[in-house]
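Reminder that position 35 of the sequence shown reads as 35 in my numbering, one-by-one numbering, no gaps.
Just to be clear, a hint being listed does not mean it is correct.
Have a look at the derived ranges for each label pair, beta carbon to beta carbon [unchecked claim]:
#: 1; residue 1: A81; residue 2: R171; range: 38 to 46 Å
#: 2; residue 1: A15; residue 2: R217; range: 38 to 46 Å
#: 3; residue 1: S230; residue 2: A15; range: 31 to 39 Å
#: 4; residue 1: H16; residue 2: D205; range: 20 to 28 Å
#: 5; residue 1: A103; residue 2: D47; range: 13 to 21 Å
#: 6; residue 1: A103; residue 2: A23; range: 40 to 48 Å
#: 7; residue 1: G75; residue 2: P214; range: 21 to 29 Å
#: 8; residue 1: A103; residue 2: R192; range: 18 to 26 Å
#: 9; residue 1: Q251; residue 2: P80; range: 41 to 49 Å
#: 10; residue 1: G36; residue 2: P131; range: 26 to 34 Å
#: 11; residue 1: D204; residue 2: Q251; range: 17 to 25 Å
#: 12; residue 1: R162; residue 2: R192; range: 32 to 40 Å
#: 13; residue 1: G174; residue 2: P131; range: 30 to 38 Å
Treat the hints as calculated values from the structure; they're not laboratory data. Here the structure is a predicted model, which is why all the values come from computation and not from measurement. Even glycine gets a Cβ: it sits at the ideal position worked out from N, Cα and C.
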Amino acid sequence: MRPVIGVNMALERMAHPRTAIAAVHLRYLDAIVAAGGRPQPIPPLDDRDLLLEAVAGVDGFCFIGGPDYDPAEYGGHPQPAEELLDPRRHRADLLLARHVLSADRCPVLGICGGHQLINIALGGALVQDLPSEWRRSAPLPHALGQRPPASPTEDQYRHEVRIAPRSRLARILGAERIAANSFHHQALDPERLGRGLVASAWSDDGVIEAAELPGERLVVGIQWHPERQSGEPAGDPLFAALVEAARSSLQGR
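Whole structure, please, built from the sequences with the hints as guidance.
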């Protein structure tokens with residue numbers, strides 16, 4: 001039996017009045033299927049009870065990315081509304097993350113904004129804009145908009161990521177250094193990590209690229225996009241680890 005992997009969904013307001021679409025990129029779903037799981041997209045419902053009921057049957061969860069979470073959630077400075085998630089998705093994502101993370105068994109993988117969501121849900125904060133706020137060294141061009149027109153496409157761009165030895169992430173990837181892609185302008189604040197989180201990967205400019213909760217349960221967040229790196233060390237092993245942990249959780253019930 002394939003374990004059920006919940007996936008939060010994007011919410012896009014259309015030009016037509018009162019029209020919105022909830023969707024999830026097929027790359028996430030295909031990666032979960034290829035790893036042996038059954039993806040279950042969870043729409044951003046406004047009804048709290050229905051939202052929690054929708055997630056009750058999942059064996060694992062994959063939190064995907066999107067625009068920025070409202071910085072008021074973690075005491076940050078205001079950002080332009082156009083940079084932020086739709087408020088409805090913001091509410092649903094935070095409720096889902098806090099609920100799933102409070103569960104005893106449910107394994108969790110957070111990708112890009114989903115990685116940041118885990119940190120926020122556990123009481124952490126973000127560096128809100130790397131180009132203007134990250135002063136430790138000249139930052140890499142983490143966001144697409146920072147790259148010159150002649151730079152490689154989004155699927156080809158890679159930078160080196162250093163993995164903490166003996167971390168769960170190092171065991172999953174089987175390496176302590178990988179090439180990962182990058183599409184973000186925010187990152188975890190190293191001085192305000194969420195409760196229990198430990199940083200487990202960094203880019204060469206010191207930006208946190210992954211964090212995890214120590215212990216038997218799989219809770220790992222990564223800043224890169226493994227669904228765009230199928231067949232690479234930074235891609236498939238993460239979905240395989242999530243599905244395997246979900247299968248073990250299912251069998252342990």
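Hint by hint, here is what the structure shows:
1. A81 to R171: 38 to 46 Å: 41 Å, holds
2. A15 to R217: 38 to 46 Å: 43 Å, holds
3. S230 to A15: 31 to 39 Å: For S230 and A15 the Cβ distance comes to about 33 Å; the hint holds.
4. H16 to D205: 20 to 28 Å: Roughly 42 Å apart at Cβ, these two residues miss the hinted range, so it is violated.
5. A103 to D47: 13 to 21 Å: 20 Å, holds
6. A103 to A23: 40 to 48 Å: Once the Cβ atoms are compared, 26 Å apart, the range 40 to 48 Å for A23 and A103 is violated.
7. G75 to P214: 21 to 29 Å: Holds - the Cβ-Cβ distance for G75 and P214, about 25 Å, lies within 21 to 29 Å.
8. A103 to R192: 18 to 26 Å: Since the Cβ atoms of A103 and R192 sit about 24 Å apart, the hinted range of 18 to 26 Å holds.
9. Q251 to P80: 41 to 49 Å: Holds, at about 47 Å.
10. G36 to P131: 26 to 34 Å: 39 Å, violated
11. D204 to Q251: 17 to 25 Å: Given a distance of about 40 Å, which is not inside 17 to 25 Å, the answer is violated.
12. R162 to R192: 32 to 40 Å: With Cβ atoms ~21 Å apart, the hint is violated.
13. G174 to P131: 30 to 38 Å: Given range 30 to 38 Å: holds, Cβ gap about 33 Å.
The structure does not agree with the numbered hints 4, 6, 10, 11, 12 stated previously, though it agrees with the rest.
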